[in-house]
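Letter by letter, the chains look like this.
Number of protein chains: 4
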Amino acid sequence: MTNPNIIRASRAVLHVTDLEQSFAFYDALGFIETARDENHLYLRGLEEHNHHSLCLKKGTEPVVEAISYKVEAENDLETLAKLFKKHNQDVRWLQKGEQTAMGRALRVTDPSGLTVEFYHEMETVDRLLQRYDLYKGAKVQRIDHFNCMVEDVEAAHNFYLRELGFRCSEYTATENDNIWAAWLHRKPSVHDVAFMNGLGPRLHHVGYWLKDPMSLIDACDVLASIGYGPNIERGPGRHGLSNAFFLYLRDPDGHRIELYNGDYLTSDPDFKPIRWDLDDPRRATFWGHEAPDSWFEEASHFLTLQGEQTVSLTEPKLEKKKPTFII
Amino acid sequence: MTNPNIIRASRAVLHVTDLEQSFAFYDALGFIETARDENHLYLRGLEEHNHHSLCLKKGTEPVVEAISYKVEAENDLETLAKLFKKHNQDVRWLQKGEQTAMGRALRVTDPSGLTVEFYHEMETVDRLLQRYDLYKGAKVQRIDHFNCMVEDVEAAHNFYLRELGFRCSEYTATENDNIWAAWLHRKPSVHDVAFMNGLGPRLHHVGYWLKDPMSLIDACDVLASIGYGPNIERGPGRHGLSNAFFLYLRDPDGHRIELYNGDYLTSDPDFKPIRWDLDDPRRATFWGHEAPDSWFEEASHFLTLQGEQTVSLTEPKLEKKKPTFII
Amino acid sequence: MTNPNIIRASRAVLHVTDLEQSFAFYDALGFIETARDENHLYLRGLEEHNHHSLCLKKGTEPVVEAISYKVEAENDLETLAKLFKKHNQDVRWLQKGEQTAMGRALRVTDPSGLTVEFYHEMETVDRLLQRYDLYKGAKVQRIDHFNCMVEDVEAAHNFYLRELGFRCSEYTATENDNIWAAWLHRKPSVHDVAFMNGLGPRLHHVGYWLKDPMSLIDACDVLASIGYGPNIERGPGRHGLSNAFFLYLRDPDGHRIELYNGDYLTSDPDFKPIRWDLDDPRRATFWGHEAPDSWFEEASHFLTLQGEQTVSLTEPKLEKKKPTFII
Amino acid sequence: MTNPNIIRASRAVLHVTDLEQSFAFYDALGFIETARDENHLYLRGLEEHNHHSLCLKKGTEPVVEAISYKVEAENDLETLAKLFKKHNQDVRWLQKGEQTAMGRALRVTDPSGLTVEFYHEMETVDRLLQRYDLYKGAKVQRIDHFNCMVEDVEAAHNFYLRELGFRCSEYTATENDNIWAAWLHRKPSVHDVAFMNGLGPRLHHVGYWLKDPMSLIDACDVLASIGYGPNIERGPGRHGLSNAFFLYLRDPDGHRIELYNGDYLTSDPDFKPIRWDLDDPRRATFWGHEAPDSWFEEASHFLTLQGEQTVSLTEPKLEKKKPTFII
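Residue numbers (full-length UniProt numbering), protein chains in the order written: chain A, 1 to 327; chain B, 1 to 327; chain C, 1 to 327; chain D, 1 to 327.
Among these hints, one or two may not hold up.
As the list makes no split between identical chains, a pair holds if one copy fits it or if it spans any two.
[Said to hold, decoys possible] Straight line, CA to CA, 25 Å or less: simulated SDA-like cross-link-like pairs of lysine to any residue: (1) K96 <-> S267; (2) K136 <-> A24; (3) K86 <-> R162; (4) K96 <-> F271; (5) K317 <-> E175; (6) K272 <-> G97; (7) K321 <-> A173; (8) K96 <-> E38; (9) K272 <-> Q99; (10) K272 <-> N75; (11) K321 <-> G229.
Worth flagging that the hints you see were computed from the coordinates, not collected in a lab.
Computed from a predicted model, the values in this text were never measured in an experiment.
From just these sequences and the hints, can you work out the full model?
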């Protein structure tokens with residue numbers, strides 16, 4: 001069986017309760033609106049040549065419909081469908097045209113219960129990288145990663161490495177060598193997805209990459225000047241793990257966005273995953289204030305594959321730890 | 001009676017318990033050592049052409065010996081001595097040569113009980129502004145201001161404005177129009193000294209000016225990389241009041257240093273003091289985490305004018321307020 | 001005779017040929033429009049609480065009507081009028097109301113032939129320092145200085161020091177100790193005005209202060225992205241003299257604007273003027289490309305005091321030197 | 001025949017005439033010394049976990065011994081040897097242990113005449129990414145790319161795409177659609193190698209990646225402060241092509257180093273190469289001063305595969321163009 005070639009984390013589909021209210025927030029951050037209709041808002045970063053990396057859908061409650069990965073070729077989708085079926089995971093096809101700007105998409109429930117989407121084709125648009133006159137707020141450049149709370153991190157880690165071809169850049173381990181949290185990548189950055197031990201499956205945040213640390217400080221100033229100061233939940237600070245200079249924001253519906261700068265190239269086959277002890281104080285916070293409780297406890301719920309309801313939650317296998325169990 | 005011409009806040013004399021331990025900390029921040037002897041360490045910022053702006057003196061406990069202002073001319077010292085005597089405040093002369101690199105100095109107890117020093121003459125040294133090869137840590141440029149907790153802010157404000165020629169740039173007022181906190185300047189920046197309502201007289205912090213916001217982030221990274229992460233007490237964040245981009249550090253003895261960037265020119269005679277309501281949430285924190293309790297409660301005690309003991313403390317006239325009563 | 005108390009360089013009145021074209025340029029740089037009428041455009045920086053620091057006036061050719069200084073009090077204007085008359089220099093009064101937002105103004109021809117204006121009163125407006133949502137382009141903060149080419153720098157230097165109370169921060173001297181260029185200040189920065197040996201009297205540039213070096217790089221990116229790349233005449237680079245991180249721009253009429261960051265506090269009475277040799281290569285360019293010929297040769301002409309014609313030019317007393325005779 | 005899996009541009013072997021003199025320069029830039037012996041200096045960036053990315057070898061003249069790429073696995077080396085032999089290109093093996101810290105290496109003469117090395121194994125060392133106390137100068141993070149002048153860019157482009165699996169991110173074309181310059185990558189950045197029409201084969205520069213734009217400005221300041229100002233050949237400026245914020249330096253032997261920040265992710269299979277017309281003024285210089293002649297004319301010569309002599313040069317097929325034919 002051929003291995004599927006997943007390229008990278010590439011979009012999130014989030015339900016929000018008020019599109020105008022969401023637009024005001026993401027526009028302030030410097031997202032670009034590619035398109036909108038009555039029920040959708042399609043946003044992208046300044047560097048992105050794809051139609052969107054954030055699809056906001058009008059809904060009755062703020063949930064996650066799917067987190068999506070781009071694959072190398074159309075036939076990777078068949079390979080993935082077989083793979084998930086072999087593991088007795090549900091799959092669902094969305095045909096080209098069912099979703100704006102998208103080709104055919106495969107949606108699956110992954111072993112952690114996350115609703116995950118794969119696709120190859122998305123319409124392309126003008127990249128605005130050199131339209132510096134449009135830069136504002138955080139000057140958001142591109143989607144970088146997803147961070148999910150799951151019941152069994154080690155199982156998720158193993159599945160993504162063995163079946164989906166991900167590599168692990170860094171991980172947190174307990175005294176007994178259980179994997180507590182793991183940063184996994186396909187593109188050669190620290191991660192496309194991270195899994196953390198916690199009540200799950202839930203989406204902790206979507207990470208967006210910024211071009212430099214000052215863009216993150218600029219974001220704080222702009223947000224505060226127009227009344228979004230309370231939406232800054234944590235940061236600025238630096239994680240030991242991943243070396244990220246970070247800021248965590250809550251959008252008007254409570255979805256969490258990370259602004260992110262400072263990680264490194266992980267292209268080399270002999271790059272060994274970095275192990276952090278769960279009790280190392282510099283792991284989660286190389287420097288910076290303690291994270292508030294909300295940051296540990298709150299996260300976005302997923303819709304099931306068919307979209308009728310939210311996925312039910314399970315307590316994690318390993319003990320929860322505050323204040324440092326997650327980044 | 002001629003008005004004395006005070007130029008600016010220009011040095012602090014702090015007692016520390018271990019000079020080597022202090023040196024390691026301030027050196028990491030990018031301070032330049034001008035000189036040292038068995039009992040003193042003389043430090044300055046990269047821009048400073050004066051011998052030092054921070055005199056650390058070996059002592060048995062971490063107290064403040066004096067906060068100092070430079071005056072335009074020697075005879076301003078006589079003017080000031082008369083003025084303080086007229087107000088029944090104690091004065092004490094230190095002759096040229098009694099203090100390293102210093103001319104004659106006048107020390108007084110000000111109406112708030114602070115031990116304040118005035119001098120005109122200090123030896124000059126090479127300014128290292130363009131020795132970028134020596135820049136490191138926070139790349140500390142120059143001393144900027146003192147921040148003191150006092151029993152009666154309005155009285156302090158009035159004395160400094162009426163008698164010492166200070167101007168007020170910004171202030172915090174209660175519902176009843178009592179001055180709760182005040183930012184006062186001689187050089188045309190936001191302040192040379194700030195007074196806050198609190199258990200006093202105490203020195204809350206000495207503020208040092210940085211050349212840009214990135215130097216403050218760099219300072220966090222460098223401090224954390226060599227084990228001073230826990231010395232970061234508050235920040236980074238921005239105060240509404242003064243527009244300062246700030247970081248508060250505790251030195252190894254607990255003296256508090258503020259790294260500071262972002263204020264503005266206050267030269268104009270028609271610049272009106274900016275009033276902030278005590279309850280305005282953006283006053284203390286335009287954005288940023290809540291300050292920890294230590295930041296509200298802890299501050300350095302002053303030695304009396306003769307240096308035999310610490311000045312006894314008085315509860316403030318107005319109600320204390322947390323988390324926002326001070327910046 | 002009392003000394004006049006000049007506060008700082010505070011506005012320039014420039015004639016431009018097309019107000020819309022000028023607005024597009026200055027707006028891209030991040031200037032704020034306070035007001036406009038058919039024949040005027042009034043602009044200010046984000047930090048400025050005065051009505052404007054740049055008055056653009058529709059004219060048939062791009063000339064300088066006046067460079068202006070704010071004084072401490074109304075009666076400083078009488079003092080100045082007497083002083084200039086004593087030196088047989090022409091003076092002209094403009095009454096309150098003759099100029100938008102301005103109180104009474106005194107205009108004079110200074111000994112170098114420059115048309116200089118003094119005033120105390122200008123209407124105030126909201127300072128936009130904390131409206132970060134309005135920051136764009138270079139995020140211009142405030143006017144900083146004028147730079148003028150004059151026939152006899154030493155004479156200008158002496159007049160401004162002896163009669164107008166300026167201090168010299170830095171200067172360039174020839175082998176024979178003639179002053180070739182001088183940086184003079186009233187506010188405690190490197191300069192409010194600089195004089196350079198050259199065909200004069202002409203205005204070489206108006207300098208605007210930026211909050212940090214990145215704002216200057218951002219300005220380059222934004223200008224280039226909307227077609228103003230060719231308006232960047234010189235820089236980015238750093239002058240040895242003044243330590244300025246600089247960028248020189250030509251506005252659509254050819255008036256030169258300097259974006260400027262990196263100087264230092266000059267408040268101390270014992271700060272000694274820094275002497276640079278005319279041949280020191282690091283004086284003009286600490287680092288950076290050579291300045292183009294236009295930068296040495298082109299500058300804006302002044303209108304005479306009555307405004308009927310441009311002031312005629314005189315060759316400088318000292319030899320002109322390229323590429324380093326000016327910053 | 002299996003495709004070889006080249007990971008990325010990973011080291012350069014340069015001959016220099018004085019190791020101490022070279023060390024002083026690269027140390028000022030912030031390179032880390034991993035090791036040295038009498039005849040070699042091994043340097044790396046702060047992020048690099050490999051032993052070195054720059055091997056400086058004492059020699060009689062400043063030439064290039066090889067530019068090197070890391071491959072996924074040892075057996076990629078055999079695949080590459082066969083491939084180059086099939087194309088009648090010379091190959092040479094260096095056994096493990098012949099070069100410090102290196103496994104077996106394959107060296108070849110590529111179709112442009114460049115001496116290229118491939119290897120899988122290099123000793124690893126501590127990554128210093130979070131040793132911010134060691135950051136200085138440009139805070140060089142990691143090697144990014146090579147830029148070579150070759151006789152026939154289109155031929156080089158085709159060989160690297162068809163035989164070596166590179167992708168093209170951007171290219172410059174003449175009116176007649178000849179490829180004038182091409183940016184090719186294996187890791188998903190703009191390039192691992194660029195080819196430009198010019199007298200070749202020569203190495204124009206080695207590009208090092210910086211973490212942010214301010215590090216480049218800091219490098220200018222530090223270099224100038226210790227006498228390396230004249231080593232800054234071009235910049236700072238921004239290329240339209242690749243969006244790079246750049247600075248070009250000449251090391252003490254004349255080898256050219258580019259400090260580089262600002263490119264983008266090129267991971268997507270549907271990312272289409274960006275075409276630039278040779279005459280587009282924003283291609284080479286989005287903004288910035290004109291490049292000096294030296295930048296167009298001077299480059300480092302290669303040693304032949306056996307190392308006895310330098311490779312002889314050939315005039316390029318297409319017309320040379322100044323000032324914009326290269327970045």
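So, going through the hints one by one against the coordinates:
1. K96 <-> S267: between (33 Å within a copy, 23 Å between copies)
2. K136 <-> A24: Cα proximity of K136 and A24: in one copy and across copies (13 Å, 18 Å).
3. K86 <-> R162: For K86 and R162, the Cα distance is within 25 Å only inside one copy (14 Å; across copies 36 Å).
4. K96 <-> F271: Result: close only across copies, 20 Å inter versus 38 Å intra.
5. K317 <-> E175: Within one copy, since 15 Å is at most 25 Å while 53 Å is not.
6. K272 <-> G97: between (42 Å within a copy, 23 Å between copies)
7. K321 <-> A173: within (12 Å within a copy, 43 Å between copies)
8. K96 <-> E38: Classified as within: same-chain Cα gap 20 Å, cross-chain 56 Å, threshold 25 Å.
9. K272 <-> Q99: between (39 Å within a copy, 23 Å between copies)
10. K272 <-> N75: Classified as between: cross-chain Cα gap 20 Å, same-chain 31 Å, threshold 25 Å.
11. K321 <-> G229: between (28 Å within a copy, 21 Å between copies)
Checked against the numbered hints given earlier, the structure satisfies every one of them.
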